[in-house]
Structure formats: C-alpha cells, structure tokens
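Letter by letter, the chains look like this.
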Amino acid sequence: MEKGTLGIIDVTVRFAGDSGDGMQLTGTQFTNTTALVGNDLSTLPDYPAEIRAPAGTTYGVSGFQLHFSSEDIHTPGDEPDVLVAMNPAALKVNLSDLKPNGIIIANSNAFDGKNLKLAGYESNPLENGSLQGYNVIQVPLSKLTSIALEDSGLSAKEIARSKNFFALGMMYWLYSRPIEPTREWIKKKFKNNPAIAAANDKAMMAGYYFGENTELFTTRYEVKPANLPKGKYRNIAGNEALAIGFVTASVKSGLPLFLGSYPITPASDILHELSKYKNYGVRTFQAEDEIAAVTAAVGAAFSGALALTTTSGPGVALKSETISLAVMTELPIVIVDVQRGGPSTGLPTKTEQSDLLQAIHGRNGEAPVIVVAPATPADCFDMALEASRLAIKYMVPVMYMSDGYIANGSEPWRVPDPDSLPEIPVDFRKEKDGFFPYVRDENLSRPWAIPGTPGLEHRIGGLEKSHITGNVSYDPENHEFMVRLRAQKVKNAENDIPELEVIGDQYADLLVVGWGGTYGSITEAVNRSRRKGYKVAQVHFRYLNPLPKNTRDVLKMYKKIICPELNLGQLAFYLRGMFLVDVEPFVKIQGLPFKSSEIERKIESYFIGGSNGR
Amino acid sequence: MEDKKEVKVKDMANEEVKYTAKDFASSQDVRWCPGCGDYSILAQMQRTSPDLGVRKEDFVWISGIGCASRFPYYMDTYGFHGIHGRATAIATGVKLNNPMLSVWVATGDGDLLSIGGNHFIHACRKNVGIKILLFNNRIYGLTKGQYSPTSEKGKKTKSTPFGSVDYPFNPLRLAVGSNASFVARSMDRDPKHLQEMMKRAAAHIGTAFIEVFQNCNIFNDGAFEIYTEKNTKADNVVALEHNKPLVFGKNNDKGIRLNGFTPEVINITNGKYSINDVWVHDEFDPDSTRAHILACFTERKGLPAPVGVLRQIVKPTYEDGVHEQINQITEAKGKGTLKSLLFTGNMWDVN
Numbered sequence: 003m004e005k006g007t008l009g010i011i012d013v014t015v016r017f018a019g020d021s022g023d024g025m026q027l028t029g030t031q032f033t034n035t036t037a038l039v040g041n042d043l044s045t046l047p048d049y050p051a052e053i054r055a056p057a058g059t060t061y062g063v064s065g066f067q068l069h070f071s072s073e074d075i076h077t078p079g080d081e082p083d084v085l086v087a088m089n090p091a092a093l094k095v096n097l098s099d100l101k102p103n104g105i106i107i108a109n110s111n112a113f114d115g116k117n118l119k120l121a122g123y124e125s126n127p128l129e130n131g132s133l134q135g136y137n138v139i140q141v142p143l144s145k146l147t148s149i150a151l152e153d154s155g156l157s158a159k160e161i162a163r164s165k166n167f168f169a170l171g172m173m174y175w176l177y178s179r180p181i182e183p184t185r186e187w188i189k190k191k192f193k194n195n196p197a198i199a200a201a202n203d204k205a206m207m208a209g210y211y212f213g214e215n216t217e218l219f220t221t222r223y224e225v226k227p228a229n230l231p232k233g234k235y236r237n238i239a240g241n242e243a244l245a246i247g248f249v250t251a252s253v254k255s256g257l258p259l260f261l262g263s264y265p266i267t268p269a270s271d272i273l274h275e276l277s278k279y280k281n282y283g284v285r286t287f288q289a290e291d292e293i294a295a296v297t298a299a300v301g302a303a304f305s306g307a308l309a310l311t312t313t314s315g316p317g318v319a320l321k322s323e324t325i326s327l328a329v330m331t332e333l334p335i336v337i338v339d340v341q342r343g344g345p346s347t348g349l350p351t352k353t354e355q356s357d358l359l360q361a362i363h364g365r366n367g368e369a370p371v372i373v374v375a376p377a378t379p380a381d382c383f384d385m386a387l388e389a390s391r392l393a394i395k396y397m398v399p400v401m402y403m404s405d406g407y408i409a410n411g412s413e414p415w416r417v418p419d420p421d422s423l424p425e426i427p428v429d430f431r432k433e434k435d436g437f438f439p440y441v442r443d444e445n446l447s448r449p450w451a452i453p454g455t456p457g458l459e460h461r462i463g464g465l466e467k468s469h470i471t472g473n474v475s476y477d478p479e480n481h482e483f484m485v486r487l488r489a490q491k492v493k494n495a496e497n498d499i500p501e502l503e504v505i506g507d508q509y510a511d512l513l514v515v516g517w518g519g520t521y522g523s524i525t526e527a528v529n530r531s532r533r534k535g536y537k538v539a540q541v542h543f544r545y546l547n548p549l550p551k552n553t554r555d556v557l558k559m560y561k562k563i564i565c566p567e568l569n570l571g572q573l574a575f576y577l578r579g580m581f582l583v584d585v586e587p588f589v590k591i592q593g594l595p596f597k598s599s600e601i602e603r604k605i606e607s608y609f610i611g612g613s614n615g616r
Numbered sequence: 007m008e009d010k011k012e013v014k015v016k017d018m019a020n021e022e023v024k025y026t027a028k029d030f031a032s033s034q035d036v037r038w039c040p041g042c043g044d045y046s047i048l049a050q051m052q053r054t055s056p057d058l059g060v061r062k063e064d065f066v067w068i069s070g071i072g073c074a075s076r077f078p079y080y081m082d083t084y085g086f087h088g089i090h091g092r093a094t095a096i097a098t099g100v101k102l103n104n105p106m107l108s109v110w111v112a113t114g115d116g117d118l119l120s121i122g123g124n125h126f127i128h129a130c131r132k133n134v135g136i137k138i139l140l141f142n143n144r145i146y147g148l149t150k151g152q153y154s155p156t157s158e159k160g161k162k163t164k165s166t167p168f169g170s171v172d173y174p175f176n177p178l179r180l181a182v183g184s185n186a187s188f189v190a191r192s193m194d195r196d197p198k199h200l201q202e203m204m205k206r207a208a209a210h211i212g213t214a215f216i217e218v219f220q221n222c223n224i225f226n227d228g229a230f231e232i233y234t235e236k237n238t239k240a241d242n243v244v245a246l247e248h249n250k251p252l253v254f255g256k257n258n259d260k261g262i263r264l265n266g267f268t269p270e271v272i273n274i275t276n277g278k279y280s281i282n283d284v285w286v287h288d289e290f291d292p293d294s295t296r297a298h299i300l301a302c303f304t305e306r307k308g309l310p311a312p313v314g315v316l317r318q319i320v321k322p323t324y325e326d327g328v329h330e331q332i333n334q335i336t337e338a339k340g341k342g343t344l345k346s347l348l349f350t351g352n353m354w355d356v357n
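Those sequence lines, one after another, are chains R and H. First residue of the first sequence: 3, per the working numbering; consecutive thereafter. First residue of the second sequence: 7, per the working numbering; consecutive thereafter.
Hints may contain errors.
[Unchecked claim] EDC-like mimics (lysine to aspartate or glutamate), calculated; alpha carbons at most 20 Å apart, straight line:
#1 R:K434 to H:D64
#2 R:K551 to R:D584
#3 H:K198 to H:E231
#4 R:K278 to H:E337
#5 R:K434 to H:D355
#6 R:K232 to H:D355
#7 R:K561 to R:D498
These aren't lab readings, by the way, just hints derived from the structure by calculation.
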C-alpha cells in the first residue's frame, strides 16, 4: 500500500513507560536523530526518583517528551500530539496532558488484567470507550518484538527488553526519520554484547517495517529542517553544556579545573561528565560529603585552581558555611546548584526555582556572592564561562543557578568557534614589593598569591581581616569597612555584565520578567501574545546579583509587571525589595516547568476586560 | 605537573637556601594562654621546618577552629585558618591540586574527631599526602571547657557537671582503623621526640598522623601528667622503635609480651622471662593487627602509653593516583583541545 506523507511544522511526542522500559534511551535516540535532520527541538525528560519502581505502577512511570519543529521553538511543548504508552500506568499518568484528538500509540499486549489493576483501571481503557476523542492506535508491541526475535537465542526476558527499539523504529517510520544513526549507535553501545546489539537492531528494523506495512498508519509525517542560523550544530543537554563550559573556562584561563562534588540528583551528571576529561587535566574529587566537596574546592582555589563544586539545593544548604569562608577569604569558586523541588529532600527528580533567595542571602553574616542563572540548556555553556570569569576577576564565590528542567532538557546548540571565545585573564601575584594579602586593585579585588610563590607567604582565614594587611582584626570600624567593601566589590561586577535587554514592545502595557530556566516558556508565551496583538514586553535575568545596571530604569518603565517563577515568588520579592516596584508573582510549584499556555493565559487575563487591550 | 617537578629539582640543586627556626616565625603575637602546651609544639615545628628539605614557600599550614587551629597564624608559611572541622578537607583540595606542596594540618581533638571526624577518616582511607598534627588535650579550650570526644568517661566539665556518660575515641585506634599509612604519638613535654616525629611525618609519603599529648593548663591541667613527669614517665610510657623490644620502666626491667592477641607486662629481670620474650616492634608490618593492639594500650590498665611510630606503610597516595591517571589518559588520548571538546558527537551543518 502506498501511503501519503504529510508535511507538518511542529510535533510534540511523549514516550512513556515503566522506568525499566528504556524510555529515556528511546527519547534520547529519537532526539539525536531529529537533531541530525536539522529540526529545532527541545526535550523534557521526566523520570521518577526510584530507580526501578515496581513494574506497572503509576509511580514507576518514566517519560521523555520531545518537541521538534521546522520553526524556531523555545520549549518542549505544552501538550503532546502523540503519546507512546508502553503500559496502562503510562497511559493513566500522561493522558491528561495529551492534546484533544491526540494520537495514542499503546502497547496493547501490556494492557492485561495485572497491569490494568496495578494502574488502577477497572476496565481496559483501550476497549471501554473512555478514550473517545483520541486517535488510539493499538500495537501489540511485545508480541511483535518476540516474533521478530524468536530466533535470536535470547531469553524471553531479554527479548522483552528490546521492545522499546521496536517502538523507536516504528516512530522513525512515522516521522520520516533516518534510522542509520541509531543503528550505528547500537553497534557501538552494545559492542561487547553482539547478541543484544543484533536483537535491538532487528527489533528496531522490525518496528520500522511494521510502520511501513501496517494498515494502522495511513499517513506518515515529515517535519522539514528548521531555518536555524548558519553553523555547525550538536544537540546538547544543560548538564553536558555546563560541564564542557567549565572545561573550556579551564583552557581559556590556563588554570586546571578542580571539581569537588558529592553525588546528588539532578547534578550528578556533571560529575560523571567532568570525570571523563582527564586529558584536559580536570581533577575530579568525589568527596565524602557535600561539605568536603566545597571545602576541598576552596583549598584548590587557594592553591590556584579554577575551583568548582556541583550540587542541588540540599547540598547548597550544607555548603553554606564554606561559601561564607570563601567570601571572607576572597577566593574564586563556582558553586553550581541544579535546583530541584524542596524543601528537604523534596522532589529529587523534579524541577523548581526555589533556591534563589538561598543563593543570594543564605549564609550567616553579610556574605555577598555573585549569582548567575543560565536560561536554556545551551546557555549553560556560556554561563559557565561567565561564572568562571567573574569569580576570578572579583575573587569571589559565584552561585550558578541551573535547574532540573534545563539540566536534563536538550536543544540544538550552535557550536562556537573556540577562537571566538574570550580568554579569561588570570594574574597570579608574583611581585613581593607592596604585597599584602588584602591590598586592592581597581575592582576592589585582592591579589591571588598561591602557595609555591616565593616571598608571598601569608595567612588567610575565616576571622575578620584587617584592610590591606589581612591580619586578624576585631576592630569595630574595620569590620564595618570590610563588610561594605565586600558588598561593593560584588556590586562592582555590574560594570562587567550585559544590561537587561527588553524584548518586544518597549512601550508595552505589561512587562513579563523571569530568570533562569523559565526563559523558553516565557518567551513562547510572550511571542504568542504579541502575535495576537497584545502589547507585552519581556526581560529575562541571567545575572541575579548584582543585577544589571539598568534594572531599575527598565522596571520603572512599566505600570504592570508580572513574574512567572517556579517558587512562591522569590524574584518578585527580591525586585520589590530592591526597587520598590510592584512586581506580581505568577507561580507554579508542582515540580514541573511552566507550560507556555499557562503564562499566555495569565498575560491575556491582564488585558481582557481592561482598557489595555489591543 | 611533570614540568614543574623537573624545574623544582634543578632549583633545589642550584640555590642552597638555608633557613633557621626564625624564618618560620610570623610577625603575629602568639596568643595562647601562658603555659599552654601549644607553645612547645609551635617551637618544635619552627625548629624542625628548616631541616625538612622543603622550600619555605612550599609549606602550607591548614587548620580548623579551636586553640590549636590558631597555629597557622604563627608560622611564616602559606596558611589557611579554615572553619570548624574542615581542615583536612581544605588540605585535601590543596594537595590534590598541587601535589608539590608540603601540606600540614594543625587541629584539636574537637576539631578533628568530633565535627571533622568524617573528613579525617576519609583522608586516612584515601591516603591523601597530608600531615595531620592532632593537639589532643582532651577538652574544648576555646569554648571554655566542655568535654571533648577524647575526654575520659565520667569527666566533669561545664557541660557535664555530673560527669560525662559517653565513651571517648582513641585517636590512634581510629587512625589505624581508617588505614592511615603513618600513625605516631608524641608529647608536648618531650621536645626532642616531638621533633623526631615531625621529621618522620614529613618524610612519609601519604597520610601522616601524629597524636600529640598536649596539656591545657587552664581547663584540663595535668591530663597527661603521668606520661610526662619525671618520676612517673618511665613506668607509664613505652618508646616504640623499629626492631627494638618494647622495654620500659625506671630500671628498664619491664617488657611487653604478646600472649596470643593479649599484651601483658612482664618482668625481664626476675628469671622467669628474658628480653627474648619481649615483643619486638615492627613499624613496617603491613598487617595492622599489632598496630591496633599498640593503639589500645592506653585502654588497658597497667599497660604503658606507647609513643613513637606505631605504623608506617608504603602505598600509593590519592593525589598520585589522580595525577597518574590524568597523565596516562592524556598520553593515550593526547592533550585535549577545545576543538575536540566542542566539535564532537553527532553534529550537523546548517548552511
């Protein structure tokens, strides 16, 4: 049967199944192939905290959402067009997100009595008419996979594991994706286990041909390459971009990169990634605890490393005393906080932005640090360079506020020409004349004199230091002077960061402000609202302390400001406190990113019924 | 790292710098209480430092919080007065980043064994090449007299007015148990011995731990009196020396015999036992059982406190392991470039 191919602009697919079903792998492979096709894309992995929750249960469902398009996109998509459900629990958990009339591709073999019961279904939703309004395609995935692999010599259990490759092959056919890149990948990935490699390959090919031959699919779809700026691209997740960003900063500064870290979700991938770069001289120290991780980084900074520690919110809480120590000793370190749902252990695998005030203020005493936040997965690279540059230039800790959403999400990244990236100047003090540990340069930074330098032996520590000499001082006036000096030093960095850029109508009626990982959702919402004719402007903070110099001026231009954030209104609180402006928080605290439509509705609610409309 | 090593060796050969104890005294007034045992430890360190074959700028002294932790301010070397309990973790970062440095930790019983216990055992476990000087006075001094994790059970202090009910750590036992590669003990009141131990620790490759019995004359005066005073010392202290029998006593008439795993004091002059029955100390015994038994002497009635090196074994250090791996992989893969870092994986062109 000859099938038609339908060109479409934009698709959001969600793969969902048991956490042991290989959904993250399936999603990642589909993503990599889609990137090679040249679509713009954005991904959202969503997995449970349990590594292998009991099979078939709703709390064990793992999902991977991918939005790809022939146009410029900013988010992983609000509502999937297609849901691939490997079992009843996956359907149950994800159905409410699916678009009206959306496609459900269900593994019908998994909808048996046991699994239906585990998912809490009283009858089979594939058969009881409850899925009316959706386009349900039942595929006996398990059975087809076992038929395809009956001669493989593998056990039934091993064969069952290949069913995600069958699904992947089928989806490749449905969306006209090339299958070769994944075939190559399978060869490499399973090179030590040829039987499994052959099975996965065969299952995938079987899925592909099934798509071609089955009458269940009448149409296949095609999404043309997006019109992205010229260049060489790779698909990159936030944590990976962050890791290679710091390796790049190491090369550009000429300093060895030192990472002190303790495993914690969702930051561990940075430790894994950086552990690979031994041939870049990267020293990774998996410490005995969070405190040792940051404290060893401070020691490494003292001895002249580009010092980094990576963690999530609970780890930042443990590190705060040592971050204070780095404030007092004025040593450059970067603390990466990949934020997750809190408080306490909270929601380890879910995203949130609730550590902002902890980053800015969460230490004893007046302990100012620079705070930056990447806006997208690829921006994690640029902000790594920025965080390193600022830490070194101002001899100060920098808090780097990523979050679970951009850390695990991915997007196409136009890889920069290494020569176009700025050098990071480092000026170790060598000169004996006039040396004191707390003498100041024009930025108020103190000299970085590292052990091994003859004649500059000196002592630093957590006790208050006398201006210039750095000797211990309990003098009241010196203390106030030093507190103010440390604050001013951080403030001076405002001369060194870009000003806020207003996107959209400068004379808009409404300003939407955001920070960090919500950039995509907000941008999408603002763009849609503007296309509808609403006068909306947007600013996005990637630098939170100090704030860009023009922040006050920008905020004062708008009579109405809303601030979408994934917490109870921390940026709004901060901006109100700083500038006496009425910033209205618009918050969501569900461990999930904003859907653009949620922000869009909030924007429109401001105009509808008022005189501020189009 | 390799380049630096070569340059340094040359420098050492070319310029023979001769330091004196004075070169290691900083300009800061020493602010311990008069009569504190810390003065002696500082003096021995300043006297010893010129003889350690380390250039002054390569010494780094790191401490936590407590009386002992003021130590770095008084040494004219690089120094870092850290935060409570974290000295060994800071030191680990310094040493790992630059293994050429001679990194020393000055710490107290509260700092190292209470709030800093985790960092201590892990530094020992990893065999990080740092020297840890524990000033053990069995009391919290800087916070004015609470009992510490090495205070004897039943100790009456400000925080335990009716006597403490918990059991103390034995620092040597903890160090041996954590597989520290060098474990020694000395006393503030025995300058020569202390200097000797400092030299031995300096020469050791790997974690070197010295417990120093240190008198706090304000809050716990006389805690180690029986070990330090002339009329009691000989009967209560046994000096450990490699390949020498464990003999002690005013008249050198007592020895320690190992009866199975049980150490016992024997008289070697009364005809029943002779010197041949006495345990001969082997510092380099790769098995830690005997070192453990030695460490526990102070927990048994009637046995003397051993001073000297309980154990010294040779094994690769953590920092060498890390840097060797870096070197090996760099050699195998070639030194990484930005081009190969950035332009990798599945890439595509947009024209």
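Here is what the structure says about each hint:
Distance check on the hinted pair: K434 of chain R and D64 of chain H sit about 16 Å apart at the alpha-carbon level, within 20 Å; holds. Taking the CA atoms of K551 of chain R and D584 of chain R, the gap is near 19 Å; set against the 20 Å cutoff, the hint holds. Between K198 of chain H and E231 of chain H, the direct Cα distance comes to roughly 18 Å. Compliance with the 20 Å bound is thereby established for this hinted pair. Under the criterion of a C-alpha separation no larger than 20 Å, the hint pairing K278 of chain R with E337 of chain H is consistent with the structure, at around 14 Å.
Straight-line distance between C-alpha atoms of K434 of chain R and D355 of chain H comes to about 52 Å, which puts the hinted pair past the 20 Å bound. Restraint check for K232 of chain R and D355 of chain H: the C-alpha separation of about 7 Å stays at or below 20 Å, so the hint holds. With a C-alpha separation of about 29 Å, the suggested pairing of K561 of chain R with D498 of chain R is violated against the 20 Å cut-off.
The structure fails hints 5 and 7 (numbered hints given earlier, in ascending order).
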